[in-house]
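**Q** Chains as they are written, first to last, in our numbering: chain G, 1 to 265; chain D, 1 to 362; chain V, 1 to 292.
FYI, nobody ran anything at the bench for these hints, they're computed from the structure.
Just so you have them, the derived chain V footprint on chain G, three or more residues with Cβ under 8 Å:
1) 8-14
2) 77-84
3) 94-105
4) 108-120
5) 133-140
6) 230-240
Distance ranges between label pairs, derived from CB positions:
7) Asp124/D / Phe147/V: 50 to 58 Å
8) Arg284/V / Leu71/G: 36 to 44 Å
9) Val101/V / Phe50/G: 27 to 35 Å
10) Leu241/G / Thr69/D: 38 to 46 Å
11) Met336/D / Arg251/G: 54 to 62 Å
12) Val121/G / Ser234/V: 34 to 42 Å
13) Leu278/V / Asp124/D: 31 to 39 Å
14) His6/V / Asp208/D: 39 to 47 Å
Even glycine gets a Cβ: it sits at the ideal position worked out from N, Cα and C.
Spelled out from the first residue to the last, the chains are:
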Amino acid sequence: MSRLVILTLGLAVCFFYLPIVVLGIFSFNAASTMAFPLSGFTLSWYADLFGNEAFLGGFVTSFLIAQPVGLLGALIGLMAALAVTSPRMKFRAAFGILVLVPFLVPKTVLSIAQAMLMSWVGLGRGATALILAQTLVAIPFTTTILAAVMIRLDPRLEEAARDLGATPWQSFRRVLLPQLSVALSAAYSIGVILSLADLTISMFLAGRTQPLSLIVASEFRRELKPDLNAMQVAVLVLTALIVALTEINRRRRLRGRMAHVRDDL
Amino acid sequence: MKVSTPDMMSDPTRSGLLLSARGLTKNYGKERAVDSVDLDVPERAFTTFLGPSGCGKTTILRMIAGFETPDAGSIVLDGRSLSGVPPERRPVNTVFQSYALFPHLTVFGNVAFSLTLRRHSNVDVAARVKRALDAVHMAEFGDRYPHQLSGGQQQRVAVARAIIAEPHLLLLDEPLSALDKKMRGHLQIELKDLQRRLGIAFVYVTHDQDEAFALSDIVVIMNKGRIIQKAAPLTIYARPANAFVADFIGAATLIPGQIANNGGVSGSAAIDTAIGIVQCPAVEGLVKGDKAVLAIRPEHVRIGADGLNTTIRHVVFKGDRYLVEAEVKGVILRFMADSPPAPGADVGLVVDRDRAFITRIG
Amino acid sequence: MALAFHRAQLAMPVACILVLGCILPLALLAVFSVFEVDLDAFTLVPAFSSHSWAQMFTNPVFAFLVGKAVISGAGTAVLAALIGYPIAVSMTRLPLLWKGVGSIVLLTPLYTGEIVRIYAWRVVLGSEGLVNAALKWFGVIDEPLKFLLFSPFTTHLVLLYNNLPFMVLAIWISAELIDERLIEAARDLGARPIDAFFKVILPLTTPGLAVGVFTVFALAAGDMMTPSLLGGTSGATPMAMIDNLFGTAFDWPLASALSLSLLIVLFVFASGFVICLLRFDGARAVFRRGAR
Chain G
1 MSRLVILTLG LAVCFFYLPI VVLGIFSFNA ASTMAFPLSG FTLSWYADLF
51 GNEAFLGGFV TSFLIAQPVG LLGALIGLMA ALAVTSPRMK FRAAFGILVL
101 VPFLVPKTVL SIAQAMLMSW VGLGRGATAL ILAQTLVAIP FTTTILAAVM
151 IRLDPRLEEA ARDLGATPWQ SFRRVLLPQL SVALSAAYSI GVILSLADLT
201 ISMFLAGRTQ PLSLIVASEF RRELKPDLNA MQVAVLVLTA LIVALTEINR
251 RRRLRGRMAH VRDDL
Chain D
1 MKVSTPDMMS DPTRSGLLLS ARGLTKNYGK ERAVDSVDLD VPERAFTTFL
51 GPSGCGKTTI LRMIAGFETP DAGSIVLDGR SLSGVPPERR PVNTVFQSYA
101 LFPHLTVFGN VAFSLTLRRH SNVDVAARVK RALDAVHMAE FGDRYPHQLS
151 GGQQQRVAVA RAIIAEPHLL LLDEPLSALD KKMRGHLQIE LKDLQRRLGI
201 AFVYVTHDQD EAFALSDIVV IMNKGRIIQK AAPLTIYARP ANAFVADFIG
251 AATLIPGQIA NNGGVSGSAA IDTAIGIVQC PAVEGLVKGD KAVLAIRPEH
301 VRIGADGLNT TIRHVVFKGD RYLVEAEVKG VILRFMADSP PAPGADVGLV
351 VDRDRAFITR IG
Chain V
1 MALAFHRAQL AMPVACILVL GCILPLALLA VFSVFEVDLD AFTLVPAFSS
51 HSWAQMFTNP VFAFLVGKAV ISGAGTAVLA ALIGYPIAVS MTRLPLLWKG
101 VGSIVLLTPL YTGEIVRIYA WRVVLGSEGL VNAALKWFGV IDEPLKFLLF
151 SPFTTHLVLL YNNLPFMVLA IWISAELIDE RLIEAARDLG ARPIDAFFKV
201 ILPLTTPGLA VGVFTVFALA AGDMMTPSLL GGTSGATPMA MIDNLFGTAF
251 DWPLASALSL SLLIVLFVFA SGFVICLLRF DGARAVFRRG AR
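With the hints as constraints, model all of the structure from the sequences given.
**A** Right, dumping it as structure tokens:
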């Protein structure tokens with residue numbers, strides 16, 4: 001790898017992770033304002049988190065809301081991916097664009113429109129509305145992940161199963177689904193992550209529910225305090241963990257399946 | 001790491017040699033793909049590297065082109081060392097197995113590519129592109145895109161693209177292997193013809209023995225990263241350097257045995273085998289007691305009442321004739337027959353001793 | 001025993017969900033935009049009034065805001081393309097094992113969440129943040145640079161930060177699909193690495209670039225949180241105004257009209273960029289070869 005490549009990537013990584021690293025540093029900093037020069041090292045901010053009811057409440061709320069988003073997102077993504085990759089699909093392009101709509105429309109506009117719809121119809125905001133809206137936003141991602149994997153699968157495996165007497169459902173459950181297990185867990189993770197990360201949708205549709213992002217946002221306009229920092233870092237670490245676990249899982253499956261391939265000498 | 005011998009770089013007595021490599025080695029992990037290979041490529045000749053998959057021939061090609069760096073050894077082209085020289089600055093061009101035509105450029109754009117890099121005037125470019133396309137009989141296709149061409153046409157364009165810059169050496173990496181048999185035959189003739197007309201040295205890589213023999217002035221047989229034999233096709237066929245070559249080229253029967261004497265006439269020996277002691281041409285350097293292999297080709301075996309008493313085991317119909325396998329004393333002899341003898345029948349076989357050949361085991 | 005059911009029929013329920021969840025609300029916007037509002041009773045009055053739309057076209061504030069969003073989006077897209085290309089091409093050179101790591105490293109900042117990113121940049125760019133402290137320490141400045149935070153600079157920097165991964169990802173995927181032999185062939189014929197980039201990689205990654213431009217443009221133009229929280233007084237966006245009209249001012253028809261205008265303008269511009277890009281030969285060549 002040339003030095004230019006390493007330099008470019010190094011700079012990119014620095015740029016992308018600079019704010020995160022700074023947050024991390026200050027979350028261990030023994031001072032009540034976030035300014036340089038640094039004071040001593042402390043874990044007190046993290047310890048405080050456990051006593052912070054609002055934080056814990058927000059964290060639990062966010063977590064509880066993220067689960068159904070992950071599950072529903074993966075499920076709907078699976079259905080959409082199955083449809084899109086089917087050879088008998090008509091209007092494939094139109095459907096594809098429809099699936100991408102939640103991604104392309106600015107979240108603000110979409111959320112406001114959805115809020116209007118909810119209130120017009122008489123349904124309130126709140127956890128349910130939040131879950132549904134976040135699931136919608138997750139659909140483009142989950143569909144893309146699952147479809148990308150499905151395209152590469154060997155259709156002859158399912159044909160073989162049918163040839164041996166499996167019903168369509170059995171073929172799906174015992175041949176297709178196992179091959180998708182990694183992608184499904186990735187889709188689920190994405191749904192969870194997107195839900196945890198979201199602020200905009202929460203602003204408009206959360207109603208009385210207080211996910212973590214809203215709590216932080218409401219504190220934002222005041223003085224920044226290190227315990228908020230610690231909060232952010234905690235969420236960040238959690239997210240990174242989820243991503244890492246998903247990727248490790250994917251790699252392990254991939255290594256098992258990959259034959260030893262080398263170019264012809 | 002890289003060994004460069006200074007005398008190699010400016011030795012004028014090596015005229016006629018375009019490229020020299022010494023001690024060329026390449027490892028992939030624990031695999032030694034190319035094992036300390038020495039080779040010389042003469043000017044104006046059609047040299048082919050022949051061998052089974054994985055023998056290292058493509059790796060050598062890529063090292064000459066500059067896409068792989070040797071772990072050890074040196075390559076000298078036209079008296080200049082190539083070590084450290086990136087591919088774009090080597091006067092060497094490659095014709096790839098998969099053609100590698102740029103899909104977003106027309107045939108003209110593809111062929112003119114190397115010229116557009118050096119900013120020639122437009123007139124010059126058009127004329128030279130026309131000449132290159134004429135040389136491969138593709139002159140009317142200038143406006144087409146690669147996807148509109150057949151495999152054979154794409155390959156011709158790839159050749160035109162590679163020769164337009166007048167390289168000192170043209171490398172061809174199994175360029176015809178993706179084509180069907182008929183098209184391959186046509187293009188082989190065209191390539192051979194082109195090489196003669198242009199006078200450029202071609203280094204060709206293939207695993208197809210027929211192709212190598214049809215095209216080459218010199219064939220270099222490789223196995224497991226080493227060069228086994230380097231000679232004109234006829235020599236390789238009649239006097240294989242070892243059992244691997246004898247087996248790889250054509251269909252020979254290989255009979256193990258032991259050298260009985262040196263015969264006194266150099267170039268021939270006697271070998272003691274299951275079918276008796278046979279005196280015939282031999283590879284150099286064998287002495288009494290050496291283990292060796294007797295190679296007999298089917299075309300040198302015929303039916304004769306006064307020959308070995310064999311029993312027919314298998315008969316295979318080949319379209320024009322029959323390939324018959326007959327056994328005697330545990331040895332299977334193969335020969336071609338116009339009409340098939342019945343399996344189980346006894347038949348006498350005579351071996352033409354002047355054409356059989358004793359070669360090394362490995 | 002084969003039912004008439006096949007996979008493609010799953011598209012129906014999914015399409016319904018998407019229509020209900022996304023299209024319907026947007027359609028509702030269209031409907032509301034022609035209603036009127038009774039400010040005393042705080043209700044919407046179903047009517048067919050072009051009042052809101054008239055305001056949209058006459059009041060320069062709206063055009064200004066929408067134009068601002070477009071410029072923000074376009075600017076971010078251009079910057080992201082310029083910076084994203086070197087990064088994406090570098091990533092194609094990574095050894096295979098590192099590519100998975102690379103994609104995680106690339107996407108993790110996205111996963112961190114809008115508020116975390118905004119928060120973190122506030123810390124970095126503040127008067128006592130990292131940048132100012134470092135510059136002071138090196139003796140480059142005496143007073144902290146005020147323009148770093150709560151200014152247009154902040155907004156655009158963080159917009160770039162938020163959206164660059166999308167551009168890099170789009171170009172990267174497109175670049176990975178390029179047959180390595182084509183690059184080798186180019187170098188074999190005498191192209192230096194920079195020539196190979198402009199003559200082979202760039203043309204053949206045009207679809208990826210188009211996707212990236214479309215995505216970044218849409219996301220950057222539609223970002224409300226970043227400008228409003230970090231842009232200070234310059235952070236006015238059409239979305240903030242929509243929010244205001246929807247909530248505080250209760251002028252739903254106007255909010256709807258503005259939302260729709262914004263959507264339409266964004267869509268037109270984004271499509272325009274993409275169509276231009278896809279006209280090039282490189283893009284056509286990639287599509288001809290089909291999906292790999």
